[in-house]
Amino acid sequence: MRIEKRLHDSQLMVYLSPLLALLLTLISGALLFALLGRPPLGSLYTFFIAPISDLYGLSELAVKVTPLLLCAIGLTLCFKAKIWNIGAEGQFVFGALIGGAVTLQLAESEGFWVLPAIIASGALAGMAWAGIAALLLTRFNANEILTTIMLNYIAVNLLLWAVHGPLKDPDGLNFPESALFASQTLLPVLFEDYRVSIAIFIALFMLVVIWVVLTRTLLGFQLRVMGENHNAARFAGFKGKTLIWLLLCFSGAMAGVAAISETNGPVGQLIPTLSLGYGYAAIIVVFMGRMHPLGILLASCLLGLTYLGGEMAQIDQGLPKSITGLFQGMLLFYLLACDLLISYRLVPKSRLAKAAVSAQ
Amino acid sequence: MDISMIENILFAMVRTGTPLLLVALGAMMSERSGVLNLGQEGMILVGAACGFIAAYASGNLGLGVVAAVAAGAAVSLIFAFIALTLISNQVATGLALTIFGTGLSAFLGAGYVGQTVTGFNTVAIPYLSDIPLIGTALFAQDLLVYLSFILFAAVFVVMRYTRLGLIIRAVGENPEVAHALGYKVLLVRYCAVMFGGAMAGLAGAYLSLAYTPMWSEGIAAGRGWIALALVVFASWRTERILLGAWLFGFASILHLLLQGYGYEISPNLLAMLPYVVTIIVLVMMMYRQKNQGLFAPRSLGQPYHPLK
Numbered sequence: 003m004r005i006e007k008r009l010h011d012s013q014l015m016v017y018l019s020p021l022l023a024l025l026l027t028l029i030s031g032a033l034l035f036a037l038l039g040r041p042p043l044g045s046l047y048t049f050f051i052a053p054i055s056d057l058y059g060l061s062e063l064a065v066k067v068t069p070l071l072l073c074a075i076g077l078t079l080c081f082k083a084k085i086w087n088i089g090a091e092g093q094f095v096f097g098a099l100i101g102g103a104v105t106l107q108l109a110e111s112e113g114f115w116v117l118p119a120i121i122a123s124g125a126l127a128g129m130a131w132a133g134i135a136a137l138l139l140t141r142f143n144a145n146e147i148l149t150t151i152m153l154n155y156i157a158v159n160l161l162l163w164a165v166h167g168p169l170k171d172p173d174g175l176n177f178p179e180s181a182l183f184a185s186q187t188l189l190p191v192l193f194e195d196y197r198v199s200i201a202i203f204i205a206l207f208m209l210v211v212i213w214v215v216l217t218r219t220l221l222g223f224q225l226r227v228m229g230e231n232h233n234a235a236r237f238a239g240f241k242g243k244t245l246i247w248l249l250l251c252f253s254g255a256m257a258g259v260a261a262i263s264e265t266n267g268p269v270g271q272l273i274p275t276l277s278l279g280y281g282y283a284a285i286i287v288v289f290m291g292r293m294h295p296l297g298i299l300l301a302s303c304l305l306g307l308t309y310l311g312g313e314m315a316q317i318d319q320g321l322p323k324s325i326t327g328l329f330q331g332m333l334l335f336y337l338l339a340c341d342l343l344i345s346y347r348l349v350p351k352s353r354l355a356k357a358a359v360s361a362q
Numbered sequence: 259m260d261i262s263m264i265e266n267i268l269f270a271m272v273r274t275g276t277p278l279l280l281v282a283l284g285a286m287m288s289e290r291s292g293v294l295n296l297g298q299e300g301m302i303l304v305g306a307a308c309g310f311i312a313a314y315a316s317g318n319l320g321l322g323v324v325a326a327v328a329a330g331a332a333v334s335l336i337f338a339f340i341a342l343t344l345i346s347n348q349v350a351t352g353l354a355l356t357i358f359g360t361g362l363s364a365f366l367g368a369g370y371v372g373q374t375v376t377g378f379n380t381v382a383i384p385y386l387s388d389i390p391l392i393g394t395a396l397f398a399q400d401l402l403v404y405l406s407f408i409l410f411a412a413v414f415v416v417m418r419y420t421r422l423g424l425i426i427r428a429v430g431e432n433p434e435v436a437h438a439l440g441y442k443v444l445l446v447r448y449c450a451v452m453f454g455g456a457m458a459g460l461a462g463a464y465l466s467l468a469y470t471p472m473w474s475e476g477i478a479a480g481r482g483w484i485a486l487a488l489v490v491f492a493s494w495r496t497e498r499i500l501l502g503a504w505l506f507g508f509a510s511i512l513h514l515l516l517q518g519y520g521y522e523i524s525p526n527l528l529a530m531l532p533y534v535v536t537i538i539v540l541v542m543m544m545y546r547q548k549n550q551g552l553f554a555p556r557s558l559g560q561p562y563h564p565l566k
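For the protein sequence lines, the chains are A and B, in the order given.
FYI, in the numbering used here the residues of the first sequence are 3 to 362.
FYI, in the numbering used here the residues of the second sequence are 259 to 566.
By construction, these hints were calculated from the structure, which means they are not laboratory data.
Warning: the hint list may mix true and false statements.
To be verified - Listed next, the stretches of chain A that the computed footprint assigns to chain B, with coverage defined by at least 3 CB atoms under 8 angstroms from CB atoms of chain B: (1) 141 to 147; (2) 160 to 172; (3) 325 to 334.
Stated by the list, open to error - Under the rule of at most 30 angstroms between Cα atoms (straight-line distance), these lysine-lysine pairs were calculated in the BS3-like manner: (4) A/Lys351 to A/Lys243; (5) A/Lys351 to B/Lys442; (6) A/Lys82 to A/Lys243; (7) B/Lys442 to A/Lys7; (8) A/Lys82 to A/Lys7; (9) A/Lys7 to A/Lys243.
Said to hold, decoys possible - To give an idea of the interface, some chain A residues facing chain B are shown, with a C-beta separation under 10 angstroms as derived from the structure: (10) Leu126; (11) Tyr155; (12) Phe207; (13) Pro350.
Just so it is clear, the structure is predicted and the values come from calculations on it, not from any experiment.
For glycine and all other residues, C-beta sits at the position ideal for the given N, C-alpha and C.
Can you build the whole structure from these sequences, using the hints too?
This is the structure in C-alpha cells:
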C-alpha cells in the first residue's frame, strides 16, 4: 500500500472518519476485554449500551453531556482559529472554585437573582483564567499550549488549597470538602428523581449561538480565515489580538458555566476531584465533532457515554473506572489516524505498478 | 544558613531536576529532528506505571527500569506511526498520546495504588562525594541520577560532535534537502521520537522507583509539560537543558527552604510554584527573543511526506 495525495480533500471522509474511528475503538475494546478474560461483546454491551438502556440512564447521559458540550462549544471556536486552548480544564476548575465561593456566600440569600449571579461568577472566573493565557499570548507571545496547561495545574492546586483551607466545611469532620450548597443555590432539575438540570438548556442554547456565529456572521468568517492562514488574516486587516482575547475569554466563560453545571448540579459542593477531566475530554469532542455544532453534540454524547460506561464496567465487571480514559485516548488516536484519508488515499502497490506500465 | 543546609538543598535540587532532565533531553532530540511530541506527560506516566508493576512483580529494580524504557518507547511508536507515517497534526496527536497514556497508566496501575517497593538507594562515590558543598549533590545520588548524567553527556557529544547529530539537525531544519542528500527523513524522525519515548519512560521509572517508590495516578504531575517548556527555555541546546532542569528542580523544592526559615505556607500553594515559574520563564524567553523562530528547528511540527 502506498499513500497518495488526493487532488481534493474528500468531504465524505471528513464525516466518515469519526465513524471509522468509533468502529476501530469498539474492535480494540472488544480485544481488550477478551485479553482481560471478559466476554468481549457482553462487555461492550455493558460499556456502551447498558448505561443508556433506560430513562434514568439517558438522563445521566445528559448530565455528563452538559459540561462536555459547554467546554467543547468554547474550544470549537478557539480550535477553528488555531488557538490551542488546552486550558478548559483549568478554566473549569477556577470557575468552580469562584462559583463555589460565591455560592457559599449566598447560602442564606433568597431571590430570583441568586442563580444568575452564581452562573455569572463562574463564567467570569473561567473568563479571567483564560484571560491570563490571552494576555500571555498577545502581550508576550508565550505559547498558549504550555501556558494553558500550566494554568490547569495551578487551578487544581488552588482548588485543593481552598477545600483544605478557607472553604473547608467547618462541620465536615475535617474532610477536604466544602459545606453542601444550600438548596436554593442549586440549579433546578428538569424532572423529579432525575439529576439532569436546566444547564443542559444553556448548553444547547449556546450551541445554537455558535452555529449562527460560525455560519452567519463576519466574526465566524474572520476566525475561519485566521485558522486557515494567519498571514491572510493579518493582510485582510483582522485584529488578531482582539480575536484571541475574544475567543479565549468566551471559551473560558463556557468552561466556567460548565463548572457551575456540575458544582451546583449533581455534585452540590466543592470537592478535590471536581472535574473528571471534562476539559480534556472536550478536546476529543471537538475533534470527533469535526468542529461542527451538530457534530460536537453527537460527539459529546459519545464521550459522555464513556464516563457512564466506565462507571458501569466498574460496578458490573470490577474493572478500574480509568478504562474511560483508555477508551477516550483510543478514540482520538484512531480519529487522527483515519483523518489521513481526508487528504490522502491508499493505493495498492500492484495498481501503482500497473499505472507505471500503462504510462510507458 | 549553614553549609549542611545548602548541601541538602543542592542534593534535593539535583534529585528533583533529574526526571525533567531526562524528559527534556528526549524531547529536545525529537524536536531537533523536527517532530513536536506533546505526549511527554503520557509517556512518563506509562513508563512509571509499567516500571513499577514490573519491579513489584519481579522484585528486581533493574527489570522495572527496562520495562519502563520499553513501555515509553512503545507508546511513542504509536505517536510516531500516526504523526509520521499517517501524516497527522502533531499537536493533536501529541495531546492524544497524553490522554491515552494518562488513561492507560491509570488502568494498568489501578491494582497497585498504595503498594510500595524498596526503591533505588543512594550510592556514594568514594572521595568525590566528600567534596564540600557539591559532593553530595553530584556524587551521593542513586544510580538513575548517575545514568542521567551519562545520558546527558552522550546527547551533548552526539549533538555537538558527531555526524549523527548533524543528520538529525539537518532533518529538523530542512527535511527536503536532507532527503535529497539521501538521508531517510522518516527513519531519523522515528528513531528520535522513540529515543524521546525511552527517555520519558526512564523518567517515569525514576519517579515510581526512586523519587517516590510507589505508584499513584498522575504521578508525573505535569513534569512532561514542564520539560517541554524547558526545551524552549534552553533554546534547544543540550547544556542549557541541564542548567534549566536544575533551576526548575530548585523552584520545586523552594518550600524546603521556606520551611527551613520557619514560614508556614499551605503545601497546596507551594505545589503551584513550578508551574508558575514555568510560565514566568516562558514569558521571559519570549520577551527577550521576541521571535522564538530564531532558535526553534525550522521544520518543527511540520508534517513531511516524501511522496508529496
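Violations among the numbered hints | As far as the earlier hints go, 4, 9, 10, 12 and 13 are violated by this structure, in ascending order.
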